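**Q** Just so you know, the protein sequences line up as chains C and G, in that order.
Number 180 marks the last residue of the first sequence (this note's numbering); no jumps.
Number 142 marks the last residue of the second sequence (this note's numbering); no jumps.
Just so you know, these hints were derived from the structure itself, not from any lab.
Keep in mind it's a predicted model, so treat the numbers as computed, not measured.
Careful: at least some of the hints might be erroneous.
Restraint-style ranges between C-beta atoms, simulated for each label pair [to be verified]: (1) C:Ser118 / G:Tyr69: 41 to 47 Å; (2) G:Pro68 / C:Val40: 20 to 26 Å; (3) G:Ile53 / C:Ile91: 25 to 31 Å.
Looking from chain G toward chain C, a few residues come up when the C-beta cut is under 7 Å (computed) [unchecked claim]: (4) Ile4; (5) Trp8; (6) Leu24; (7) Ala33; (8) Ile37; (9) Gly39; (10) Ser47; (11) Val54; (12) Val93; (13) Thr102; (14) Arg116; (15) Tyr124; (16) Ala127; (17) Phe135; (18) Leu138; (19) Leu139.
Ideal placement from N, C-alpha and C gives every residue a C-beta, glycine not left out.
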Amino acid sequence: MLNLVIAFFAGGLFGAGLFVSGMTDTTKVQGWLDVFGNWDPTLAFVMGGAMIPMAIAWLVARRRAISLSGNPMPPAPSTTIDSKLILGSLMFGVGWGLAGLCPGPSIASLSYGGPGLYVFLAAMLTGMLLAPMVRARLDRPVPAE
Amino acid sequence: MPIDWIWGLIGGLLIGTGGAVYLLGNGRIMGASGIIGGLVDGSGLSTKWERIVFLIGVALLPVLLMPYYREVDTHITDNYIVLAAAGLLVGVGTRIANGCTSGHGVCGMSRLSLRGFAATFAYIFAGGVGVVIFRHLLGVI
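Make a model of the complete structure from these sequences and hints.
**A** Given below as structure tokens:
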């Protein structure tokens with residue numbers, strides 16, 4: 036039960052932050068990516084601001100084996116940079132630029148995004164459903180020859 | 002507009018605090034694409050209630066804040082073909098890369114993860130090139 040209270044609280048902070056920062060406004064996201072247009076620096080402030088408490092949390096987490104609700108802390112990050120990471124991130128980036136939406140804000144704007152948001156969400160969920168197939172294809176060993 | 006930067010910073014601090022609560026509270030990395038994707042492809046069903054409750058929090062807080070806010074407009078395009086293509090790319094891309102702006106960006110880079118930096122560089126680069134091509138060259142967005 037504690038883990039659910041924590042999850043709700045964390046989600047609430049995330050949603051509130053996305054809302055007040057303006058990150059559910061697609062023009063702010065596209066404005067940040069649009070270095071040749073009317074560049075909008077807001078996203079850099081959001082990212083920078085978010086990394087401050089998060090970096091502190093990682094430092095605290097390093098000294099603890101388990102979390103408040105009893106789950107173990109995440110393992111040390113992998114350092115493998117593979118084609119899935121890069122190809123996936125490039126695909127994500129193009130989609131992010133096209134719509135000005137990423138997964139977090141697409142949920143945060145659920146109540147006010149209108150029909151366009153539902154089209155995006157339906158496509159995103161379909162993409163997430165198809166992803167294991169794409170991943171399996173990328174994982175398939177290349178025949179040596 | 003300077004006020005936007007300040008709101009951006011305040012919002013960022015809230016987002017990071019959410020991530021800190023999720024990490025220290027539940028030992029989890031707050032990555033939106035992973036939390037949603039695990040429900041969609043079934044890989045995260047063992048923790049489904051945690052995921053669902055998290056997402057309810059994300060969607061609910063903006064509803065509660067709305068009455069106190071200046072103006073709310075997502076400016077989402079009404080070009081459904083663009084939105085469908087974008088959604089597919091975001092869905093597939095974040096899942097095969099194992100993270101998005103929150104997981105790789107906020108949570109990854111703040112622990113100096115190499116993968117976090119590589120992914121963030123790649124999606125910002127692709128997003129920037131995408132906006133140049135689709136806005137300035139093709140004029141579709």
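**Q** The hint names Ser47 of chain G as touching chain C; please verify it with the least Cβ-Cβ distance against 7 Å.
**A** violated, 12 Å
**Q** Under 7 Å is the threshold here; is the Cβ of Thr102 of chain G close enough to any Cβ of chain C for the hint to stand?
**A** holds, 5 Å
**Q** Against chain C, with CB atoms and a cut of 7 Å, does the hint on Trp8 of chain G hold up?
**A** holds, 6 Å
**Q** May I ask you to test the interface hint for Val93 of chain G with respect to chain C, counting a Cβ-Cβ separation under 7 Å as satisfied?
**A** This interface hint holds because 4 Å falls under the 7 Å limit.
**Q** Taking the Cβ atom of Ser118 of chain C and the Cβ atom of Tyr69 of chain G, is their distance within the range 41 to 47 Å?
**A** At 46 Å between Cβs, range holds.
**Q** Taking 7 Å as the limit, does the beta-carbon of Ala33 of chain G come near enough to a beta-carbon in chain C?
**A** holds, 4 Å
**Q** Ile4 of chain G was flagged as interface toward chain C. Is the shortest Cβ-Cβ separation under 7 Å?
**A** violated, 10 Å
**Q** Is the hint on Leu138 of chain G kept, meaning its closest Cβ partner in chain C is under 7 Å away?
**A** Leu138 of chain G check fails; min Cβ-Cβ to chain C is 10 Å, beyond 7 Å.
**Q** Would the hint on Arg116 of chain G be counted as holding, given a Cβ-Cβ threshold of 7 Å to chain C?
**A** The hint holds - Arg116 of chain G has a Cβ within 7 Å of chain C, the shortest such distance being about 6 Å.
**Q** Under 7 Å is the threshold here; is the Cβ of Phe135 of chain G close enough to any Cβ of chain C for the hint to stand?
**A** holds, 6 Å
**Q** Close enough to count: is the Cβ of Ile37 of chain G nearer than 7 Å to one in chain C?
**A** holds, 6 Å
**Q** Starting from the hint 20 to 26 Å, judge whether the C-beta atoms of Pro68 of chain G and Val40 of chain C obey it.
**A** holds, 25 Å
The structure shown violates the earlier hints numbered 4, 9, 10, 18, 19.
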